[in-house]
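Visitor: Both chains come to you apart, so use the hints to assemble them.
Those protein sequences? They're chains R and E, same order as listed.
When you line the first sequence up against the numbering used here, it's residues 1 to 765, in that order.
When you line the second sequence up against the numbering used here, it's residues 1 to 154, in that order.
If you're looking for bench data, these hints aren't it; they were derived computationally from the structure.
Here the structure is a predicted model, which means the values were calculated and not measured.
One should not assume that every hint holds.
[Said to hold, decoys possible] Which stretches of chain R does chain E cover? Using the computed rule of at least three CB atoms under 8 Å from a CB of chain E, they are:
| hint | region |
| --- | --- |
| 1 | 212-221 |
| 2 | 236-244 |
| 3 | 480-489 |
| 4 | 519-527 |
| 5 | 657-663 |
[Unchecked claim] Going by beta-carbon spacing under 7 Å, a handful of chain R positions derived as facing chain E:
| hint | residue |
| --- | --- |
| 6 | Gly17 |
| 7 | Arg18 |
| 8 | Arg21 |
| 9 | Val23 |
| 10 | Lys28 |
| 11 | Leu29 |
| 12 | Arg30 |
| 13 | Gly31 |
| 14 | Gly261 |
| 15 | Gly262 |
| 16 | Asn683 |
| 17 | Asp685 |
| 18 | Leu686 |
| 19 | Leu760 |
[What the hints assert, rightly or not] Here are some chain R residues the structure puts well away from chain E; computed CB gaps all over 10 Å:
| hint | residue |
| --- | --- |
| 20 | Asp173 |
| 21 | Gly263 |
| 22 | Leu566 |
| 23 | Glu582 |
| 24 | Gln594 |
| 25 | Ser701 |
The beta carbon of each residue, even a glycine, is placed where N, CA and C say it ideally should be.
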Amino acid sequence: MTIETPRRPAVATPQVGRSMRRVDADDKLRGDARYVGDMSVPRMLHGKVLRSPMAHARIVSIDTAAALAMPGVVAVLTGADLMDIDPYWGHAIKDRPIVAIDRVRFAGEPVAAVAAVDEAAAEAAIREIVVEYEELPVVGTLDEALAPDAPLVQDGPLRPGLFHGLGTLPARDGNICYRYGIDRGPVDEVFASAAIVVEGDYTFPGVYQYAMETHSVIAQWDADGITMWATCQHPFLVRAEIAALFDVPLGKVRVIVPYLGGGFGSKSYTKMEPITVALARKAGRPVKIVNTVAESMVTSRRHGAQIHMRTAADSSGTLLARDVTISFDTGAYADNGPRVTATGGDAAPGPYRWAAVRVDALCVYTNTAPSGSYRAFGASHVQWVGEMQVDEIARRTGLDALEIRRRNLLRPGEQVRPGGKPLDADLIGDIEKVAEALGWHDDKPPDTGRGLSVGLLAAGAHPVSSAVVRLEADGDVIVLVGSTEMGQGQRTAFAQIAAEVLGVEAERVRCIGTDTRFTPYDRSTGASRSTTLAGLAVQRAAQQVRADLLDIAALVWPGREADIELADGSAWCGEDGRTYPELIARRFGLSGGQLIGEGGVYPEGTGSYAEGPVFWEVCIGAAEVTVDRDTGAVTVTRTATVADVGKAINPQLVERQDEGATMQGIGNAMFEEMVFSDGLLLNDDLLEYRIPSTVDLPGRSACVIVENGDGPGPFGAKGCGEGAFAGIIGALATAVADAGVPMHQLPLTPERVWTRIQELQESTR
Amino acid sequence: MRVAPVLNGHVTTIDVEPQELLLDVLRERLDLTGAKRSCDVQVCGTCTVLVDGLPVSSCTYLAVETDGRDVLTIEGLRELPEFEAITDAFGRHAAVQCGFCTPAMALTIHALLASGELTDEEAVRHGLAGNLCRCTGYRAIVDAVGDLAGVPGA
Numbered sequence: 001m002t003i004e005t006p007r008r009p010a011v012a013t014p015q016v017g018r019s020m021r022r023v024d025a026d027d028k029l030r031g032d033a034r035y036v037g038d039m040s041v042p043r044m045l046h047g048k049v050l051r052s053p054m055a056h057a058r059i060v061s062i063d064t065a066a067a068l069a070m071p072g073v074v075a076v077l078t079g080a081d082l083m084d085i086d087p088y089w090g091h092a093i094k095d096r097p098i099v100a101i102d103r104v105r106f107a108g109e110p111v112a113a114v115a116a117v118d119e120a121a122a123e124a125a126i127r128e129i130v131v132e133y134e135e136l137p138v139v140g141t142l143d144e145a146l147a148p149d150a151p152l153v154q155d156g157p158l159r160p161g162l163f164h165g166l167g168t169l170p171a172r173d174g175n176i177c178y179r180y181g182i183d184r185g186p187v188d189e190v191f192a193s194a195a196i197v198v199e200g201d202y203t204f205p206g207v208y209q210y211a212m213e214t215h216s217v218i219a220q221w222d223a224d225g226i227t228m229w230a231t232c233q234h235p236f237l238v239r240a241e242i243a244a245l246f247d248v249p250l251g252k253v254r255v256i257v258p259y260l261g262g263g264f265g266s267k268s269y270t271k272m273e274p275i276t277v278a279l280a281r282k283a284g285r286p287v288k289i290v291n292t293v294a295e296s297m298v299t300s301r302r303h304g305a306q307i308h309m310r311t312a313a314d315s316s317g318t319l320l321a322r323d324v325t326i327s328f329d330t331g332a333y334a335d336n337g338p339r340v341t342a343t344g345g346d347a348a349p350g351p352y353r354w355a356a357v358r359v360d361a362l363c364v365y366t367n368t369a370p371s372g373s374y375r376a377f378g379a380s381h382v383q384w385v386g387e388m389q390v391d392e393i394a395r396r397t398g399l400d401a402l403e404i405r406r407r408n409l410l411r412p413g414e415q416v417r418p419g420g421k422p423l424d425a426d427l428i429g430d431i432e433k434v435a436e437a438l439g440w441h442d443d444k445p446p447d448t449g450r451g452l453s454v455g456l457l458a459a460g461a462h463p464v465s466s467a468v469v470r471l472e473a474d475g476d477v478i479v480l481v482g483s484t485e486m487g488q489g490q491r492t493a494f495a496q497i498a499a500e501v502l503g504v505e506a507e508r509v510r511c512i513g514t515d516t517r518f519t520p521y522d523r524s525t526g527a528s529r530s531t532t533l534a535g536l537a538v539q540r541a542a543q544q545v546r547a548d549l550l551d552i553a554a555l556v557w558p559g560r561e562a563d564i565e566l567a568d569g570s571a572w573c574g575e576d577g578r579t580y581p582e583l584i585a586r587r588f589g590l591s592g593g594q595l596i597g598e599g600g601v602y603p604e605g606t607g608s609y610a611e612g613p614v615f616w617e618v619c620i621g622a623a624e625v626t627v628d629r630d631t632g633a634v635t636v637t638r639t640a641t642v643a644d645v646g647k648a649i650n651p652q653l654v655e656r657q658d659e660g661a662t663m664q665g666i667g668n669a670m671f672e673e674m675v676f677s678d679g680l681l682l683n684d685d686l687l688e689y690r691i692p693s694t695v696d697l698p699g700r701s702a703c704v705i706v707e708n709g710d711g712p713g714p715f716g717a718k719g720c721g722e723g724a725f726a727g728i729i730g731a732l733a734t735a736v737a738d739a740g741v742p743m744h745q746l747p748l749t750p751e752r753v754w755t756r757i758q759e760l761q762e763s764t765r
Numbered sequence: 001m002r003v004a005p006v007l008n009g010h011v012t013t014i015d016v017e018p019q020e021l022l023l024d025v026l027r028e029r030l031d032l033t034g035a036k037r038s039c040d041v042q043v044c045g046t047c048t049v050l051v052d053g054l055p056v057s058s059c060t061y062l063a064v065e066t067d068g069r070d071v072l073t074i075e076g077l078r079e080l081p082e083f084e085a086i087t088d089a090f091g092r093h094a095a096v097q098c099g100f101c102t103p104a105m106a107l108t109i110h111a112l113l114a115s116g117e118l119t120d121e122e123a124v125r126h127g128l129a130g131n132l133c134r135c136t137g138y139r140a141i142v143d144a145v146g147d148l149a150g151v152p153g154a
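If we strip away everything but chain E, and leave its shape as in the complex, we get (with noise of 0.2 Å):
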């Protein structure tokens, strides 16, 4: 089936099947390797992806689904201005160790600053909630996102 989202900013027509995975689309056709399969059933987050701004598990959403669709992955976003932000607060925390988590760490984070969720502490608890990280111990994260949403970390 020939579907044809908006990735990364560009329309881009790819002919997939349609059992295809969106997180293997990207992988292996398109080379886009920063979604990373983990889990493969909607945990860990780290192969989360944006679409028309939300984030989605790509593990487990199928790729005829973004037909006409936004899809951001992190090739798009560190192409964006406001990534720079990110990567300072991140960089400033040291919130990155291993790095398999980051890239959709990233994303989650770029869509709820844009949500405008994060009012507190605790929502940016709540919104992480679904990316998970196993070296950090996410008090550097939440502290970094704390800085970005202009709420105090804990």
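Pulled out of the complex, with its shape left as it was, chain R reads as follows (with noise of 0.2 Å):
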């Protein structure tokens, strides 16, 4: 180690608010960067499950003789295995069996699983399985599982998961395994003298996430307890789900987390690892499992959902009430469904000021592929039919789209909904933004429409997370935080959020990935509250290992304990310098040793979902799109998004994630859509499941960043990457609205677009 004299610089460099080149640029350029699929352990053997062709039915028995017969094949695992323990799962609602157990309840549902010496082995052995069913009633739509007398997917009394967080769960009703309401004022009176009331009904299509690398789990079980090599967002739940499911310590369960290829909500909460798991118990040898395309469809998608919404106003465009009933698809098992349905229901009233408000959301089990958390997710489903609402109160009241929205909208301070957070950022201030930056007033061509919208995301999920932060002894830090780099950046965002509180560069911190023996607890990652939560963490344990450098420094100068400062990875009295390396050599004589800080985030309150969110992601978007009245075909020509992030740690990071929020929007809203039949989903490929490229990219978009400091996390930041989703969506069926095509079923096909075309023409002739 060679310890140079220090001179002090001009000006410490900041190092929170540049772009940064990203610290794993290189790693994942040159093909360096290791993903579960890319592992390997010894002894380690391949899985296959074998999924449900049925979406509903009874097993009659299961007959494996002539797969264990195989060559190659090590093990095979059926609910049978499971009967030592109380094999039930879910976050939410522990609803879900390891493996299907008597029954499965969706096409695609594992029924068994084997473990062979390799992949091919493992496939041949799963067509050897044989399996009779008989066949049950398919509650396959909304429509279905709502219905008076429907079959029921779930007959059981529901039992609360590790992680349901919203107070006391309901008891199931039907087939409703959530409801989440509010209601506020006396909304039946105000819609009966409103002199304007617009309603209608909407749907929003299922959706797959189309993270590229499907989820894939190493399990080893072995004297040391359980190992995970997991692609999981939130790898401490997943520790914990593990832990009761197995009834292991929470010690002796591992969860090691590599670079993951894309999460957008897929790999959030447990999802593979239960039958890895269980299945390399069987086997008493490490197992891994790499889903196809086709099987992570059907182990995470979003919600699709059916809304019924009406918006009273007055004559001159003030908005008075809101009344709406939204129902979730939840699939056969309620995942997150019961946080979709919460999150969409405060997401609907959207931001502005009511007289009265009632909403009604619910959870619906049905036979088909269980849904999840997906970007944005409860924001994206609603906020387009109420900003559609907003759009034809203006028509009808000659109100330009943003004027309305002037006089409506909320103002920092105001309530959001009943308890929890007053809004906290300037939602004018940013649509007038938007509308800059889209070109808002720009003279209309002949066919061309133009939207904007604006809602707000309950951001930051439970306020729990920690993080420890080293300096070593040639002056490098290490920060070490259990949250998930999935592609966000934020292994960049925390290296210079410690870099600016220690005063050294943000090249010299390196963050590494999850290792639940290791790095310190964070919930999850999620709910954009990465850089706000983890990041405050990181924060507080760089500042005590400030502390602890002032502390040192102070018994270099003693008596001028006022005057030093650190910058440039040294501290400094005046003039006279002593670097990080020397200063740790001083404490600990040679060159060894380390500086470690810890810092925590906890709830402020209880930590209940009323009391939250942490804080509220800003959902703004706008769009130009031109319409082909006689294909049907829409053509995205402009976008913008504005990033109301508070304070920008790194403005290029926050910029992609509103270009890549921005394209995922354009897919949801535009083109993709999981189309299931009698509970069956028909495209379960990329060939007929198609997501977009680059020639779907708009003609022109912007991002706006906003930064007015109001953020609870570090520098005054919040999170971002997830609005700028629910409000493209938004802004796109508000464009092709505002072209005269108002639809209410996404996505806009031109088969719909050209469908609604002719049935407006028919309707005005």
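Guide: Here it is, written out as structure tokens:
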């Protein structure tokens, strides 16, 4: 180690607020970044899952003898192997067996699994498993599930999971597993006397997140306990669920998360971990399972939803009341459906000043693949509907879309919903910026529509995060934090946050992936929370190290504590400086030792959902489209988003988040849709489920970063990356309506748009 | 069957089954894991490698077909002098997010740059349409490739 004599810089280099190169760019470009699918461990077997071809059936018998006799096969797992444990899991509702027991509830449900010496042997063996099914009536749609006397997808009492987090779990009501409501003010009275009422039914399709890396897990069970290398966004919650399922102490369950090939919510909570662990337990050897795309599509998806909404206004365009019923199709198992339902319920009123609001949001079981989290859930489902109705009121009252929102939007400090955090953003400033970025007032060519949409998303999830920051003897910094790098760039952001506090270059900070044995607890990676909450934990941990450095420096310059500053890797007292390695050597002697700080974030109240959210994520988008009235084809010509982030830790990465969300929003709004028929998924590969490619890029797009310092995170930051998704969906729907084609069903495929144009022509004829 | 591709510049002899896919041989036998598996149906492009300089989806390309041909994977591309410009452009534009599509994207870009086809923005978008990326929304990637090819971005 060389210790150079420092020279005092004129100004310390700011680390937060600069667009530093991603710390993981080279690993990823060079193909050095390892994902779970790239890994293997000694004695590892390969697992394959036999999935149900039936949407709803009783399992009469399973014969595994032929499969077990196949070459290379080591073990076959069925429900019969799980009788020594309580095999049901689910973080919200414990409604799901590790593999089907007696009954399958969706096409694609795991019925058995094989561990073999290679994937081909496992694949061949699952074809030899003979399952006899007895068909049961299928509840394929929300309408079928909510019909009187509908067959029940789940018929037992519901048991709350470890992370239900939404208060007392209500009793199951038919196929309704959770219900969230808002009821404020005299709704019926206001509607009865309102000059304008807009009312309609709307549909949002089920969609697939398509993280390019499919769900993958390696599980090992030995004297050390259970170790998993897993594609999970919430490793500590997975650890807890696995520990509870298999009755193992938390400390003997270890989850290691390398880089993730995308998440977007599809890898939140527990997914393929229970079946992989169960198979490893049966085989007595480590097992790796890597889903195919078809399997991941039925492992997690976005809820389809049906929405009935009415909005009341007076004749001058003042919004008065909104009344919403939303049904979310959560599939055969609840997964994150209850939280999606609550978040959708919170997003449904929109960020407006209402005399009365009523929301009734239902989470409904059907015999389809389970639905969970996907970027901006809840808000993406309902914001476009509310914004279509606001625009319709604007049209009837002669107001511009921008003007009606200016008049009715909540202002900072106003109540968003009864209880919880008041509005913490300047929405009017934000919509003016997005309109300007789009070119709202530019001349509009024929068959062109422009739309903007604004909403709020309850963000942050549960506010529990912790971090450890270590300053090594050579002056490098290591950040340990249990948040998952899935592409969003949090390792880069954490490096910048720690570097800013410690007065070092962010390039000297290394942030490594989660290993629950060593990294401290973090609740989850999702809900736009990492920069805000894990980032705050990193900041606090770094502040402890900073305090430690100042203590040592005070020994160097006794009596001059008030003059000591930290900058560019050294402590300074006037022109006199000591490098951090020198300070560490002063404490520990020789060249060893390290300074360790820890930081945590905890709920200020009880942490209940009602007290939240951590912050309101702003969901704003604007779009311009052209509609070909002969074919129904819609072309997205311009988009704009606002990233209202309080403080941009890395402005370039903020823009990238909005760009990614914009393109996913275009996919969801314009053409992505999982098509089910009697519970069977008809388009289960990328040939038939199209996601956006470079040819779908809008002609022009812009992202405006707004930094009002009003976030609860480090340096006034708050999260981003989800809001634009809901904003863009709403902007596209309102833009197509502005072009003369108000649509009530997404995605806005040419066929649907063309049909609607014909209907509208018929009705005006 | 014994095949002898020129893999990343070195003649490499491999025994393969007739039905074995190039992607499996690269990943499982040669520990070249830069090519990733995702869609399995030649749509996503994340398994892209170059065979005789042209991008192919190794998930649907038989390993036996590589006999006597040049096969370039990311593990080979990163050793070439042209690679640095790609990493510079991608770094500058932050055109990397989760990274799962990135090595394949780099290989496709390497082939496109060599082809001389990237004469305008439209050609960049068209050339990259066989490589999906779910994270970035493509804007930064198109801009980075525009820089590399000397065509202005959108």
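Visitor: All hints, please: hold or fail.
Guide: Hints, one by one, checked against the model:
Counting residues of the region 212-221 of chain R whose C-beta sits closer than 8 Å to any C-beta of chain E gives 3, which meets the bar of three, so the coverage hint holds. Under a criterion of three residues with beta carbons nearer than 8 Å to beta carbons of chain E, the stated coverage of the region 236-244 of chain R fails, only 0 such residues being counted. Only residues whose C-beta sits within less than 8 Å of a C-beta in chain E count toward coverage, and the region 480-489 of chain R has 4 of them, enough to reach three; the restraint holds. Only residues whose C-beta sits within less than 8 Å of a C-beta in chain E count toward coverage, and the region 519-527 of chain R has 0 of them, not enough to reach three; the restraint is violated.
Residues of the region 657-663 of chain R with a Cβ under 8 Å from some Cβ of chain E number 5, which satisfies the need for three, so the listed coverage holds. For Gly17/R, the shortest C-beta to C-beta distance to chain E is roughly 15 Å, which exceeds 7 Å, and the interface hint is violated. Residue-level restraint check for Arg18/R is violated (minimum Cβ-Cβ distance to chain E is 12 Å; threshold 7 Å). Interface hint status for Arg21/R: upheld, as the beta-carbon distance to the closest one in chain E is roughly 5 Å, under 7 Å.
Because the closest C-beta pair between Val23/R and chain E is about 11 Å apart, greater than 7 Å, the hint is violated. The beta carbon of Lys28/R comes within 3 Å of a beta carbon in chain E, closer than 7 Å, and the hint placing it at the interface holds. At a threshold of 7 Å, the smallest CB-CB gap from Leu29/R to chain E is about 5 Å, leaving the interface hint in force. This hint holds: Arg30/R has a C-beta 5 Å from the nearest C-beta of chain E, less than the 7 Å allowed.
Residue-level restraint check for Gly31/R holds (minimum Cβ-Cβ distance to chain E is 3 Å; threshold 7 Å). Because the closest C-beta pair between Gly261/R and chain E is about 3 Å apart, less than 7 Å, the hint holds. Interface restraint check for Gly262/R: the shortest CB-CB distance to chain E comes to about 4 Å, inside 7 Å, so the restraint holds. Against a cut-off of 7 Å between C-beta atoms, the interface hint on Asn683/R is violated, since the closest Cβ of chain E lies about 12 Å away.
Taking 7 Å as the C-beta cut-off, the interface hint given for Asp685/R holds, the closest approach to chain E being about 5 Å. Annotation: Leu686/R was flagged as interfacial toward chain E, and the flag holds, the nearest CB pair being 4 Å apart, inside 7 Å. Interface restraint check for Leu760/R: the shortest CB-CB distance to chain E comes to about 32 Å, outside 7 Å, so the restraint is violated. The claim that Asp173/R lies off the interface holds: its Cβ sits roughly 37 Å from the closest Cβ of chain E, which is beyond the 10 Å cut-off.
Non-interface call for Gly263/R relative to chain E: violated, since the shortest CB-CB distance, roughly 8 Å, does not exceed 10 Å. The non-interface label for Leu566/R is consistent with chain E: the shortest C-beta to C-beta separation is roughly 29 Å, beyond 10 Å. Distance check on Glu582/R: its Cβ is at least 33 Å (rounded) from any Cβ of chain E, clearing the 10 Å threshold; non-interface status holds. Listed as a non-interface residue, Gln594/R keeps its Cβ farther than 10 Å from every Cβ of chain E; the least gap is roughly 30 Å.
Distance to chain E contradicts Ser701/R as a non-interface residue, since its nearest Cβ pair spans about 6 Å, not more than 10 Å.
The structure fails hints 2, 4, 6, 7, 9, 16, 19, 21, 25 (numbered hints given earlier, in ascending order).
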